[in-house]
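Once you've looked at the hints, go ahead and assemble the two chains, each given alone in its own frame, into the complex.
Listed below are the residues making up each chain.
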Amino acid sequence: MGPQTVRPNSGQALTEALPVTLLLGLFISGLLLVAYLLFARSTIQYQSEQALYCAAQKHKSKSDCAMELKQAIEQALPWGDLAVDVEKQANKWTTEVQWTYQGYSFNMYKELTPKQMLNAKALPW
Amino acid sequence: MVSVLTLLPLFITLLVCVSAAFFIYRRKSLAQSICIQQAARMQNDLKTPLKKLLKMNPRATSLRAQRTQADANVTATEASGYPPAIAAARAQQTAVIAQQTEFHLEQLALLADAQRIRLEAETTLRMRVLPLQAEGVQSMAYYQRPLAVEPKPPLDLSPNYETVAEFTPLQQHRFRYLVDLISGFPRELGLSARQVTECAVSLHPGEEDEWDIEILTAKAQ
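Order-wise, the sequence lines are chains A and B.
The number in the working numbering is simply the position in the first sequence, starting from 1, with 235 added.
The number in the working numbering is simply the position in the second sequence, starting from 1, with 19 added.
Fair warning: there could be bad hints in the mix.
[To be verified] DSSO-like mimics (lysine-lysine), calculated; alpha carbons at most 30 angstroms apart, straight line:
1. Lys295(A) <-> Lys356(A)
2. Lys238(B) <-> Lys350(A)
3. Lys323(A) <-> Lys295(A)
4. Lys356(A) <-> Lys345(A)
5. Lys350(A) <-> Lys66(B)
6. Lys238(B) <-> Lys323(A)
7. Lys71(B) <-> Lys327(A)
8. Lys356(A) <-> Lys70(B)
9. Lys297(A) <-> Lys66(B)
10. Lys345(A) <-> Lys238(B)
11. Lys295(A) <-> Lys66(B)
12. Lys70(B) <-> Lys323(A)
13. Lys74(B) <-> Lys350(A)
14. Lys327(A) <-> Lys70(B)
15. Lys171(B) <-> Lys70(B)
16. Lys293(A) <-> Lys305(A)
17. Lys356(A) <-> Lys71(B)
18. Lys70(B) <-> Lys295(A)
19. Lys238(B) <-> Lys305(A)
20. Lys293(A) <-> Lys66(B)
21. Lys295(A) <-> Lys345(A)
22. Lys238(B) <-> Lys297(A)
23. Lys345(A) <-> Lys297(A)
24. Lys345(A) <-> Lys66(B)
25. Lys238(B) <-> Lys293(A)
26. Lys238(B) <-> Lys356(A)
27. Lys66(B) <-> Lys171(B)
28. Lys295(A) <-> Lys238(B)
[Stated by the list, open to error] To give an idea of the chain B side of the interface with chain A (calculated C-beta under 7 angstroms), a few residues:
29. Leu33
30. Tyr44
31. Ser48
32. Ser52
33. Arg60
34. Ile232
35. Ala237
Everything labelled a hint here was simulated from the structure, so no lab data went into it.
Because the structure is a prediction, the values reported are computed rather than measured.
Idealized CB from N, CA, C, for every residue including glycine.
In isolation and in its complexed conformation, chain B is listed as follows (with noise of 0.2 angstroms):
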């Protein structure tokens, strides 16, 4: 019995060392995954936006046409010098400039909303690993627009809004934060281990105009 008291310190160290190993990886593990699950969230949410921008584009065409007849319109009609012409064509030239500018509003208002989709999956990731203790919290984007399309024609009222070449890198939102892999344990042991979490997650284009989450990135160093 005493033999077997004697090998309690080696016993107690057995047990706290394998616990450790199961803390340090439990919480690598969740760190990781909180940042994937947020990311890939974001990107799912992103989707809809994205969809409804892309799907616009034959109405955007379609505008840009009727507003190239109403100009030619205008153009001919003041050729012709009579007047209640010119006025039906400048009004219909009118007219279809409301509507592109209503277009176009409702276009940024989509691309708005994934900017506060990709603001809004920051602040639920700060949340989330506040119990993990995270640090230095990075969040970022890797184009201009908050999705990865362009205008095209550029400064046209009304533009199609289409993917980039690199639509994927592009998309992409990244996060990166240090959490302390040992801070459950007592401060006075002064002890420190922290750890790089960083994920990236993108789409891609997928089968019948779906699109599919792709992770790019997913460190624990």
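Just chain A, with the same shape it has in the complex (with noise of 0.2 angstroms):
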């Protein structure tokens, strides 16, 4: 009976959890980041339609319901940059979201007129 040898091995499962925490943190970061995109997307669209109502409200300027769709979504959405735009005609109120994230982006155009609130059958417009 030889003397045993005994192998140091001190750092070797860190050396081999590595590369496996890395994929795993990789992983959970999509994850979280498509998670935040679709709650993005769904928040965008229907502050997008609040914003329409409020264009087609007679004493709301276009500015206020901007102002209200910017504050709206960027309280929903703490990351990501932001543009919106908000038009109203006499028989037409138009909303476009532009928001981007780490290179994705989304650009959101909504659109209401009184033929269209009374005839869509597919609802919410």
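The following block contains the structure:
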């Protein structure tokens, strides 16, 4: 029986775990990013509709509606760059939202007219 | 593989959260758009009796003038004491009164039609929000008549019906109801998120005797 040799393996587990941890980290970040993007899409869609209703109200100016829209989106989506535009004509109201986060960009244009309001079969418009 | 499986709860939680957010936004949005569409359709339907009623005004004015003339003729002939002339004047007066009565019934029929439109729209709204399990549906009008018009002169047999001074706010119809945004979730969770949906739509004078639909309120709180 010769003397047993103990191979030093300190740090080996860490070295092995590192790539896996990195991979898991990437995977989790990806999941969170996708979830955030999906949430952003729903939020922008909903808030754009609210802005359309705002624009359709005679006593509200388009700048007020644009500000309300910007605030509402920023409150729900703290990360990302945002540009909004609200237009109101006599019988047509439009909103356009451009939101960018980490190279992903959403551009949502919505339009509402009295005709649509009366005849739309698939709601919400 | 095992490490990825340990992330399953996280993955499921995220999926549930995103789906819940999507579901809630969609429900809010749907409740609001139904409210606005129904109120807008009601006001659009109310345009017809309103236009007809306002179009009747020249005829109402003419009938009142005929009545004044007929009344004056009766007074004049009664002063003359000539019975055939009195009888003729009274007959003419009766004929005008009959025309006025018939005319006024037409005016009242248009107002009744407007009332029917408001009630039908309310019933349709109640039906449409049933799948959303809406509660406490309130349907509010803001004027004593189904159209924001007033008779001038008020006690005449064939008055003109003219729009009131504050027409748009008084013509409005407002719907308000509660929607449980997470009613589709398992009841065992005991969750509840009731949201008030409120909308008010009215008419305002547009170009060339037209009436435009105007949203006064659209709230989802």
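Here is what the structure says about each hint:
no., hint, in the structure
1, Lys295(A) <-> Lys356(A), "27 angstroms, holds"
2, Lys238(B) <-> Lys350(A), "21 angstroms, holds"
3, Lys323(A) <-> Lys295(A), "10 angstroms, holds"
4, Lys356(A) <-> Lys345(A), "16 angstroms, holds"
5, Lys350(A) <-> Lys66(B), "15 angstroms, holds"
6, Lys238(B) <-> Lys323(A), "19 angstroms, holds"
7, Lys71(B) <-> Lys327(A), "27 angstroms, holds"
8, Lys356(A) <-> Lys70(B), "27 angstroms, holds"
9, Lys297(A) <-> Lys66(B), "28 angstroms, holds"
10, Lys345(A) <-> Lys238(B), "19 angstroms, holds"
11, Lys295(A) <-> Lys66(B), "24 angstroms, holds"
12, Lys70(B) <-> Lys323(A), "27 angstroms, holds"
13, Lys74(B) <-> Lys350(A), "25 angstroms, holds"
14, Lys327(A) <-> Lys70(B), "24 angstroms, holds"
15, Lys171(B) <-> Lys70(B), "17 angstroms, holds"
16, Lys293(A) <-> Lys305(A), "20 angstroms, holds"
17, Lys356(A) <-> Lys71(B), "29 angstroms, holds"
18, Lys70(B) <-> Lys295(A), "28 angstroms, holds"
19, Lys238(B) <-> Lys305(A), "17 angstroms, holds"
20, Lys293(A) <-> Lys66(B), "19 angstroms, holds"
21, Lys295(A) <-> Lys345(A), "18 angstroms, holds"
22, Lys238(B) <-> Lys297(A), "18 angstroms, holds"
23, Lys345(A) <-> Lys297(A), "15 angstroms, holds"
24, Lys345(A) <-> Lys66(B), "28 angstroms, holds"
25, Lys238(B) <-> Lys293(A), "15 angstroms, holds"
26, Lys238(B) <-> Lys356(A), "21 angstroms, holds"
27, Lys66(B) <-> Lys171(B), "20 angstroms, holds"
28, Lys295(A) <-> Lys238(B), "14 angstroms, holds"
29, Leu33, "5 angstroms, holds"
30, Tyr44, "4 angstroms, holds"
31, Ser48, "4 angstroms, holds"
32, Ser52, "4 angstroms, holds"
33, Arg60, "6 angstroms, holds"
34, Ile232, "5 angstroms, holds"
35, Ala237, "4 angstroms, holds"
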